[in-house]
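So you can see what is in the structure, the chains are spelled out below.
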Amino acid sequence: MVQDSPKIILEYAQNAAIATLTDEKILEETDIQAIESTIMPLIEQTASINLVLDFSNVFFLSSAVLGLLIRISKKVYESNGQLRLCSINKKIFQIFTITRLDKIFDIHEDRQSALDSLN
Amino acid sequence: MVLKSSTNKSILINSDTSSVGKICNLLLEELRGKNYAPEEVFAIHLALEEAMINAVKHGNKFDPAKKVDVNYTISDEKFEITVTDQGSGFSYKNLPDPRLEENLYKPCGRGVLLMRSYMDVVEFNETGNAVHMIKYKAKH
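Line by line, the protein sequences are chains D and U.
According to the working numbering, the first sequence holds residues 1 to 119 in order.
According to the working numbering, the second sequence holds residues 1 to 140 in order.
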């Protein structure tokens with residue numbers, strides 16, 4: 001049986017959960033749902049989660065991914081957690097600035113900076 | 001004498017996301033073959049994905065009986081495309097601006113903004129079930 005490679009690699013450091021997105025392109029609804037089905041239970045099961053989403057592998061994403069990030073951020077903040085995004089390349093970051101989502105997400109250049117910003 | 005080549009092509013795709021992925025890959029390969037810069041290919045790719053997902057999801061509601069018509073031309077001057085779904089259309093003139101404070105936290109509604117940001121021309125037909133886009137190729 002061929003298994004799809006995981007959409008997220010989960011690690012833990014400095015009292016935070018770090019979720020690294022593994023796909024270079026995040027487009028299809030099935031991929032977005034797969035990411036959501038991993039992240040949301042993690043948030044639910046971890047009180048006041050410190051969550052870092054690492055985009056270092058991502059070179060392309062659709063606006064549907066932005067919607068997912070908003071849903072994730074709402075869930076994190078409803079559970080009194082904190083969310084950081086990191087390692088977003090220039091082209092992807094431009095999507096955030098065009099949509100003004102750079103104003104609502106706490107975005108860091110690299111993972112360490114994101115971790116250090118968490119309480 | 002310099003011959004400029006461009007061929008108009010028309011393809012019908014099914015109303016599912018994997019068909020969108022396949023046609024996007026096809027178009028992107030053709031763009032690279034015509035020496036469009038990586039930045040231009042990225043921009044067109046983003047706009048294509050948004051336009052076609054809108055057609056498949058919002059226009060045709062993933063109805064397997066409905067098709068999306070993709071009509072395009074790739075030339076040395078520009079990439080031009082019209083994406084037409086078989087839905088009833090939408091009111092493109094009254095789209096809320098997703099950048100406004102009251103809309104920033106909404107999980108959807110950014111596709112057309114991205115299309116307009118990355119393409120040089122984005123026009124809808126009166127019904128709202130067809131979008132025409134142009135990206136002019138930079139002179140290198």
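No lab work stands behind these hints: they were computed from the structure.
Remember, it's a predicted structure, so these values are computed and weren't measured experimentally.
Some hints could be false.
If the Cβ cut is set under 8 angstroms, some of the chain U residues that face chain D in the computed set are [to be verified]:
#1 His-45
#2 Arg-99
#3 Glu-102
Note that CB positions come from ideal geometry on N, CA and C, so glycine has one too.
Hint by hint, here is what the structure shows:
Using the Cβ-Cβ criterion of 8 angstroms, the hint placing His-45/U at the interface with chain D is satisfied: the shortest such distance is roughly 7 angstroms. Interface hint status for Arg-99/U: upheld, as the beta-carbon distance to the closest one in chain D is roughly 4 angstroms, under 8 angstroms. The interface hint given for Glu-102/U is violated, since its Cβ lies 12 angstroms from the closest Cβ of chain D, which is over the 8 angstroms cut-off.
Of the numbered hints given earlier, the model fails hint 3 alone.
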